[in-house]
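Once you have looked at the hints, place chain A on chain W.
Chain order of the listed sequences is W and A. With the first letter of the first sequence counted as 1, position 281 gets the number 280 in numbering that gives the first Met the number 0; the numbers rise by one all the way through. With the first letter of the second sequence counted as 1, position 30 gets the number 29 in numbering that gives the first Met the number 0; the numbers rise by one all the way through.
Because the hints were derived from the structure by calculation, they are not lab data. Take every hint as true, because none was put in to throw you off.
Copies of the same chain look alike in the list, so a pair counts if it fits in one copy or across any two.
Below, simulated DSS-like cross-link-like pairs (lysine-lysine); rule was C-alpha separation at most 30 Å, straight line:
#1 239 with 397
#2 130 with 52
#3 362 with 84
#4 260 with 373
#5 84 with 284
There are 2 protein chains.
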Amino acid sequence: MFHKSNCLIAQSGGPTVAINASLAGIIEEALNSPQIDTIYGALNGILGVLDEKLINLSNTFSKDKEALDLLKNTPSMYLGSCRYKLPEAGDADSDYLEIFKIFQKYNIKYFFYIGGNDSMDTVSKLSKYAKKINFDISIIGIPKTIDNDLRHIDHTPGYGSAAKYISTSILEIAHDAYIYDIQSVIIVEIMGRNAGWLTAASALARNEYNTAPHLIYLPELPFSTEQFITDVQKELSTRKQVIVAVSEGIKDSTGEYISAKSGQVDQFGHVMLSGTGKYLENLVKEKIACKVRSIELNVLQRCATHISSLTDINESCMLGKTSVPLALEGCSGRMVLLRRESNSPYTVSYDSVSIDEIANKEKYVPVDWISESKNDITEEFMEYMRPLIQGEPKQSYKNGLPSYLSVNHLIHDSNQA
Amino acid sequence: MFHKSNCLIAQSGGPTVAINASLAGIIEEALNSPQIDTIYGALNGILGVLDEKLINLSNTFSKDKEALDLLKNTPSMYLGSCRYKLPEAGDADSDYLEIFKIFQKYNIKYFFYIGGNDSMDTVSKLSKYAKKINFDISIIGIPKTIDNDLRHIDHTPGYGSAAKYISTSILEIAHDAYIYDIQSVIIVEIMGRNAGWLTAASALARNEYNTAPHLIYLPELPFSTEQFITDVQKELSTRKQVIVAVSEGIKDSTGEYISAKSGQVDQFGHVMLSGTGKYLENLVKEKIACKVRSIELNVLQRCATHISSLTDINESCMLGKTSVPLALEGCSGRMVLLRRESNSPYTVSYDSVSIDEIANKEKYVPVDWISESKNDITEEFMEYMRPLIQGEPKQSYKNGLPSYLSVNHLIHDSNQA
Numbered sequence: 000m001f002h003k004s005n006c007l008i009a010q011s012g013g014p015t016v017a018i019n020a021s022l023a024g025i026i027e028e029a030l031n032s033p034q035i036d037t038i039y040g041a042l043n044g045i046l047g048v049l050d051e052k053l054i055n056l057s058n059t060f061s062k063d064k065e066a067l068d069l070l071k072n073t074p075s076m077y078l079g080s081c082r083y084k085l086p087e088a089g090d091a092d093s094d095y096l097e098i099f100k101i102f103q104k105y106n107i108k109y110f111f112y113i114g115g116n117d118s119m120d121t122v123s124k125l126s127k128y129a130k131k132i133n134f135d136i137s138i139i140g141i142p143k144t145i146d147n148d149l150r151h152i153d154h155t156p157g158y159g160s161a162a163k164y165i166s167t168s169i170l171e172i173a174h175d176a177y178i179y180d181i182q183s184v185i186i187v188e189i190m191g192r193n194a195g196w197l198t199a200a201s202a203l204a205r206n207e208y209n210t211a212p213h214l215i216y217l218p219e220l221p222f223s224t225e226q227f228i229t230d231v232q233k234e235l236s237t238r239k240q241v242i243v244a245v246s247e248g249i250k251d252s253t254g255e256y257i258s259a260k261s262g263q264v265d266q267f268g269h270v271m272l273s274g275t276g277k278y279l280e281n282l283v284k285e286k287i288a289c290k291v292r293s294i295e296l297n298v299l300q301r302c303a304t305h306i307s308s309l310t311d312i313n314e315s316c317m318l319g320k321t322s323v324p325l326a327l328e329g330c331s332g333r334m335v336l337l338r339r340e341s342n343s344p345y346t347v348s349y350d351s352v353s354i355d356e357i358a359n360k361e362k363y364v365p366v367d368w369i370s371e372s373k374n375d376i377t378e379e380f381m382e383y384m385r386p387l388i389q390g391e392p393k394q395s396y397k398n399g400l401p402s403y404l405s406v407n408h409l410i411h412d413s414n415q416a
Numbered sequence: 000m001f002h003k004s005n006c007l008i009a010q011s012g013g014p015t016v017a018i019n020a021s022l023a024g025i026i027e028e029a030l031n032s033p034q035i036d037t038i039y040g041a042l043n044g045i046l047g048v049l050d051e052k053l054i055n056l057s058n059t060f061s062k063d064k065e066a067l068d069l070l071k072n073t074p075s076m077y078l079g080s081c082r083y084k085l086p087e088a089g090d091a092d093s094d095y096l097e098i099f100k101i102f103q104k105y106n107i108k109y110f111f112y113i114g115g116n117d118s119m120d121t122v123s124k125l126s127k128y129a130k131k132i133n134f135d136i137s138i139i140g141i142p143k144t145i146d147n148d149l150r151h152i153d154h155t156p157g158y159g160s161a162a163k164y165i166s167t168s169i170l171e172i173a174h175d176a177y178i179y180d181i182q183s184v185i186i187v188e189i190m191g192r193n194a195g196w197l198t199a200a201s202a203l204a205r206n207e208y209n210t211a212p213h214l215i216y217l218p219e220l221p222f223s224t225e226q227f228i229t230d231v232q233k234e235l236s237t238r239k240q241v242i243v244a245v246s247e248g249i250k251d252s253t254g255e256y257i258s259a260k261s262g263q264v265d266q267f268g269h270v271m272l273s274g275t276g277k278y279l280e281n282l283v284k285e286k287i288a289c290k291v292r293s294i295e296l297n298v299l300q301r302c303a304t305h306i307s308s309l310t311d312i313n314e315s316c317m318l319g320k321t322s323v324p325l326a327l328e329g330c331s332g333r334m335v336l337l338r339r340e341s342n343s344p345y346t347v348s349y350d351s352v353s354i355d356e357i358a359n360k361e362k363y364v365p366v367d368w369i370s371e372s373k374n375d376i377t378e379e380f381m382e383y384m385r386p387l388i389q390g391e392p393k394q395s396y397k398n399g400l401p402s403y404l405s406v407n408h409l410i411h412d413s414n415q416a
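Bound conformation, chain W alone (with noise of 0.2 Å):
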């Protein structure tokens, strides 16, 4: 007789705005498998496996299609997140027996684990232990991260969105710049610790009138406090207001962060990193004396569901359905990946690589796609970037404000009935 088994999912990292629809699309393949009977989300990552703290998704979402697509439409982690590294299993082999007493429990045969770098470190440790315990499941890792810098994969899901986002910033901001007929800098300080993705995404805010940024810096090369006040200075001369992206993660030639140079001292007392932004809006304020201003673009590069790309949403859907095949083959410790097939008309096509090839190494941007002045990207890089912000979902609003689906589930609230 056949025999059916349960699927775990759970979320890891840091938040996009496709997440959920990776999430979303696991849970639509699944409830349509023969082969699975119950869904689970482990809450909080890989804690909640630990934890045991698990909800019924198939209760859930199998009766409630506007549900699901709400889900693909809501930011940050629907089941949660944790930032919890697992310890290398020869260690100590505490947490993996607890992590296989709970599959066992539940009886997981399919554990679909979504995440960035860290998330496939733990991906690759489990399904390493399951085989060296000779424990049936399948391990899977979809990939998200805003900061598009995971090998093997021609773009993460979540980059597309978080580039609309700042782009579109980038191009308001413009408009607000260009009111009045004074000389002014603007600093726009944008994620991206060690790889400029982010940063570069700003140059898709250019059009036929809006030439801003005029000045994009990558954490890829090193920065100087020099050239830039002489970049600056030199567009200046050309434009009344200058738009500056910049990256959170530029570093001097030495290799220290500039966030790490101020030495800035808060109202305790204590040295406190301001961010590069303010940074460098000091610096400016010093050295050239005009009116300038910084801005940190901050969370919302992450979580703004409402400005998000149709593009990324359904590519990170298509990697969530296409892990569950994979897993249901018996395929485990892989993580499904995308390529660009062509960029005009732009197609993708979805396959999985060993997670080997992917945890715990970082892509960056090619130094060739950053231009000889080392302060703009190229029009190849341009090309791209461009088809991963096309396409905008179809945003419902409730009261003015867009509808996204309740995670009442993961709020700790003791005032709450």
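Relative to the frame of chain W, chain A by itself:
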């Protein structure tokens, strides 16, 4: 024989998302008015009149209905802005002589000035001067300000869209915060030096699952850092994530801005005003020692057209339209306004008021709209705000970004052809 005259429009003060809808309303109405020949726009507010930087808006918009629609949904000032206060006419007449020379030269019989408090001061001074020198011109003010701090008007154009951006951002920030199962405090700094209207709008983010923001501090009441820490600690005893909305303009009981207390020193040894949010972030770090982050919404709250309120855009357009027949009737030194006739269904009526009732006066949040705990707002305040964020303008996209009207005429770029 019927004598045709020309009209002139200018925009001034800080940007809003709705100020171009008022401009579009005036243009639309003026194009249909047989008494009006050419519609001119002055670039950079009253400075554009002084410098004779006039553009012909009839040429641009009379045959392009699509451009007029695009104008309604283009952020910031299409005509640019200025921060220029006219001297008292008695003190120095040179500005006035120059301005009225231009009015004469271009046969301007109707002057429309769209702006906030300071701009209404300009309307007041110019209309008085016209009367004094017996110059036949109608000068009408059209209000705008995200700050919602003008008197005699139920709410100001631009406020509803800013409120929608702020509440949407708070909701998305809440989704971002809820994912980790650890204690954290998120402080969101919102614009408003003296009035708390914008900060209060954060409360619109609350829905059937989201209770954030959990604490709201407006500048209308003195702010106590001790009470703030007590409030946060109390919230942390009932929930994991505490989200705080705070006005940039909060002051202590002596009237000193909290942001001025920081006494931070920048990399050049200069005392630097950190943001209010950053100051409170450091305070929580010191006194509570849990995970804490501050987010400054910055200029996006006044220029994020991609998430504007249709109610706001439509009302702003109607205020523009309303100003034209008023001018044609020969009224001068008046500001158009709207009154709320009913809250359910929400309806408004349009009228006008003498400019002297408006200029240089601010409207604050009524203290009885702040909760007794001093860290929240009342349901009455919620009922006031809710209708203002309703509806979404149809947003067109081009290459994956919101499509806005070119402001090439504002961009001083000597590199451009």
